[in-house]
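A.B. asks: Listed below are the residues making up each chain.
2 protein chains.
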Amino acid sequence: MSVLPRHRRQHDGRSALASLGDAAAAVRFASVGDLALERGGVLPDVVLAYETWGTLNADASNAVLIHHALTGSSHVARGDTDVPGWWDALVGPGCPLDTDELFVVSINMIGGCYGSTGPSSIAPDGRPWGSRFPLITLRDAAHAERRLTESLGIDAFALVIGGSMGGARALEWAVTHPDAVRHCAVLAIGAASTAEQIAWAQPQVLAIRNDPHFADGNYYGGHTPDAGLGIARRIAHITYRSEAELGARFGRSAQPGEDPLSGTNASRGRYAVESYLDHKATSLAGRFDANSYIVLSDALMSHDVARGRGTLEQALAGVRAEVLVAAVTSDRLYLPEQSFELAAALPGDVPVHLVDAAIGHDGFLTEMGQLGALLDAHVFGR
Amino acid sequence: MSVLPRHRRQHDGRSALASLGDAAAAVRFASVGDLALERGGVLPDVVLAYETWGTLNADASNAVLIHHALTGSSHVARGDTDVPGWWDALVGPGCPLDTDELFVVSINMIGGCYGSTGPSSIAPDGRPWGSRFPLITLRDAAHAERRLTESLGIDAFALVIGGSMGGARALEWAVTHPDAVRHCAVLAIGAASTAEQIAWAQPQVLAIRNDPHFADGNYYGGHTPDAGLGIARRIAHITYRSEAELGARFGRSAQPGEDPLSGTNASRGRYAVESYLDHKATSLAGRFDANSYIVLSDALMSHDVARGRGTLEQALAGVRAEVLVAAVTSDRLYLPEQSFELAAALPGDVPVHLVDAAIGHDGFLTEMGQLGALLDAHVFGR
Numbered sequence: 001m002s003v004l005p006r007h008r009r010q011h012d013g014r015s016a017l018a019s020l021g022d023a024a025a026a027v028r029f030a031s032v033g034d035l036a037l038e039r040g041g042v043l044p045d046v047v048l049a050y051e052t053w054g055t056l057n058a059d060a061s062n063a064v065l066i067h068h069a070l071t072g073s074s075h076v077a078r079g080d081t082d083v084p085g086w087w088d089a090l091v092g093p094g095c096p097l098d099t100d101e102l103f104v105v106s107i108n109m110i111g112g113c114y115g116s117t118g119p120s121s122i123a124p125d126g127r128p129w130g131s132r133f134p135l136i137t138l139r140d141a142a143h144a145e146r147r148l149t150e151s152l153g154i155d156a157f158a159l160v161i162g163g164s165m166g167g168a169r170a171l172e173w174a175v176t177h178p179d180a181v182r183h184c185a186v187l188a189i190g191a192a193s194t195a196e197q198i199a200w201a202q203p204q205v206l207a208i209r210n211d212p213h214f215a216d217g218n219y220y221g222g223h224t225p226d227a228g229l230g231i232a233r234r235i236a237h238i239t240y241r242s243e244a245e246l247g248a249r250f251g252r253s254a255q256p257g258e259d260p261l262s263g264t265n266a267s268r269g270r271y272a273v274e275s276y277l278d279h280k281a282t283s284l285a286g287r288f289d290a291n292s293y294i295v296l297s298d299a300l301m302s303h304d305v306a307r308g309r310g311t312l313e314q315a316l317a318g319v320r321a322e323v324l325v326a327a328v329t330s331d332r333l334y335l336p337e338q339s340f341e342l343a344a345a346l347p348g349d350v351p352v353h354l355v356d357a358a359i360g361h362d363g364f365l366t367e368m369g370q371l372g373a374l375l376d377a378h379v380f381g382r
Numbered sequence: 001m002s003v004l005p006r007h008r009r010q011h012d013g014r015s016a017l018a019s020l021g022d023a024a025a026a027v028r029f030a031s032v033g034d035l036a037l038e039r040g041g042v043l044p045d046v047v048l049a050y051e052t053w054g055t056l057n058a059d060a061s062n063a064v065l066i067h068h069a070l071t072g073s074s075h076v077a078r079g080d081t082d083v084p085g086w087w088d089a090l091v092g093p094g095c096p097l098d099t100d101e102l103f104v105v106s107i108n109m110i111g112g113c114y115g116s117t118g119p120s121s122i123a124p125d126g127r128p129w130g131s132r133f134p135l136i137t138l139r140d141a142a143h144a145e146r147r148l149t150e151s152l153g154i155d156a157f158a159l160v161i162g163g164s165m166g167g168a169r170a171l172e173w174a175v176t177h178p179d180a181v182r183h184c185a186v187l188a189i190g191a192a193s194t195a196e197q198i199a200w201a202q203p204q205v206l207a208i209r210n211d212p213h214f215a216d217g218n219y220y221g222g223h224t225p226d227a228g229l230g231i232a233r234r235i236a237h238i239t240y241r242s243e244a245e246l247g248a249r250f251g252r253s254a255q256p257g258e259d260p261l262s263g264t265n266a267s268r269g270r271y272a273v274e275s276y277l278d279h280k281a282t283s284l285a286g287r288f289d290a291n292s293y294i295v296l297s298d299a300l301m302s303h304d305v306a307r308g309r310g311t312l313e314q315a316l317a318g319v320r321a322e323v324l325v326a327a328v329t330s331d332r333l334y335l336p337e338q339s340f341e342l343a344a345a346l347p348g349d350v351p352v353h354l355v356d357a358a359i360g361h362d363g364f365l366t367e368m369g370q371l372g373a374l375l376d377a378h379v380f381g382r
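Each protein sequence line maps, in turn, to chains A and G. For the first sequence, the positions run 1 to 382 when UniProt numbering is used. For the second sequence, the positions run 1 to 382 when UniProt numbering is used.
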């Protein structure tokens, strides 16, 4: 395990890391060696990209690990950069995760495209992994990440936290490394990916695979399958929001200057909600690698904290962390009832905290006030 | 307006009509002439495919018009064929729509691929319409269909009925042709397509357009965009079912003989729910034309019975039919609350009947017992 110079970025083709812009300067890289995978095989010479905020105290008791969701990055907070992070209001000096007191770590998950070893990384044969990148589970990620955090001098985290896939990663940490997690916050996700969630992931992945530029995943150096990735993002984004939110924002309005009933089906103008989804699609395709989208989707679909560990109750019996479980009231993808099932199976009497929001699943990204209050009350006892 | 010989099938490439198999023998064709479209332009020489069951009585008072949904056909019931229809239990001798007493008509919507003029039909220049097929609204369809039903000697229907897009077609009939509809049954749809429904349609259409074989819609005679159409169907099918239904049927089970965590992302086995969706995709791609899917999706997204008619209440003020409004309790695509909005805006005191089913939107296709009971009680007074 060695910390690498910042210039080591094993990427070919479009570097998603570059889309971090000035924030990329905050990213560090560490080699964690060869990684034996849960389902067999070894991923050689794994590099993890990560960011930190604040200072680790003398007894290394103030460390917090934040896990990003499916298309997130390690850039949780702006820190010394000018680029806002995806939980900017939650992480910083004076914030609920107060970087004047805490040492916050966030790691880009293996398989991703923000600097950690993933399908766009260079394989030992000098070519990008592409379609040859192995199937990764959240458990694989937890093992690789532990090596990194130990190298940072952290034996145990005061808190491991995440929402959506980040929540699944946090939960997997609490089960896989019970002695390394004192508090665990599992937001907007249950104990395992469900048939519904697996179903929604499938057309997303297939839309990427069916893109004319996908080239069986070996598109680096050529055109990228942006249209397919954009379709995946549209599907996902709708599931991340609520019917009520889309209705209130867009209704049946036409995009200004366009007429959805003009011309032919191929040339007609757009409804406002279509323009909105176009924007979401373009935005993701401009910053994310399609192969990473597939690898991380499959990893998320593998989420089943009880796999190979008996019943769910048996699997969770060894958890030593105090677990904070929270769900978004209007979440239609990761249903609150799944958070209740998780809480009921955890040792002790674990309540479910409901984040009251109309937006849907994305409430775990938008409701910083409520999340901060939950952390204040139930983790930091403020 | 003339009834055409049955052999007139204006199709090139794969004939979806052929996928009706023996049922195709029951399909008749009628030319309804040039159709001036709601949004301008003329669709020349429109042919409508239709089926009938039973016999029109002397005063033509026993006619029922059944409208199919997005990918449906005129084959509502088996009739004299060996091929079950999509509402077989509802239509036939002794059924709630009793063909010993009623004369039942069902018409393939323009834009479709089951015999009516659509994008796979031959345009005046001798080539398939393909991408040149104009944008069609449900109002256009109602005008074309009225010409056909008048030619059959039907001035007014005892009942016009449909579910999902079929319900939208029925409602549009009751508003566009108020004197021609005595009862109208509007199942599992509201007064207009919502932002949510428009949002879901978009990635479906884009998945077809982005298929390598789509060729801008001019794929007839070559490979058809089956993969894209299959992706569209997967998205749609999930929205047609409920989370609970998918969960109860499939959970996280692997497809027998396959391992979702084996191999690479490209080669892994499937979850059972993925295999199920694959089957739904293959099935539709084997029987439906991708351009028709786009044309009819856009027609359904155009659904807004109040367009150009003032407020919804004003638009519905002229309805003379007794309207039966029903919604499926677990429908997450066409929400029951949208049926309540429609009912509240209709003249008089119109209740909403709830079809109690866990399956989701598709309850309008599966809950024949409840639908039959509603028709018995509220249309036929049995």
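Just so you know, these hints were derived from the structure itself, not from any lab. All C-beta atoms, glycine included, are put in the ideal place defined by N, C-alpha and C. Careful, some of the hints might be misleading.
Said to hold, decoys possible - Short, incomplete list of chain G residues facing chain A, as computed with Cβ under 8 Å:
#1 LEU56
#2 ASN210
#3 ASP211
#4 SER262
#5 PHE340
A.B. asks: Each of the hints needs a verdict: does it hold here or not?
C.D. replies: To see whether the hints hold, each was checked on the structure:
no. : hint   : in the structure
1   : LEU56  : violated, 36 Å
2   : ASN210 : holds, 5 Å
3   : ASP211 : holds, 6 Å
4   : SER262 : holds, 7 Å
5   : PHE340 : violated, 14 Å
Hints 1 and 5 from the list above are not met by this structure, while the remaining hints are.
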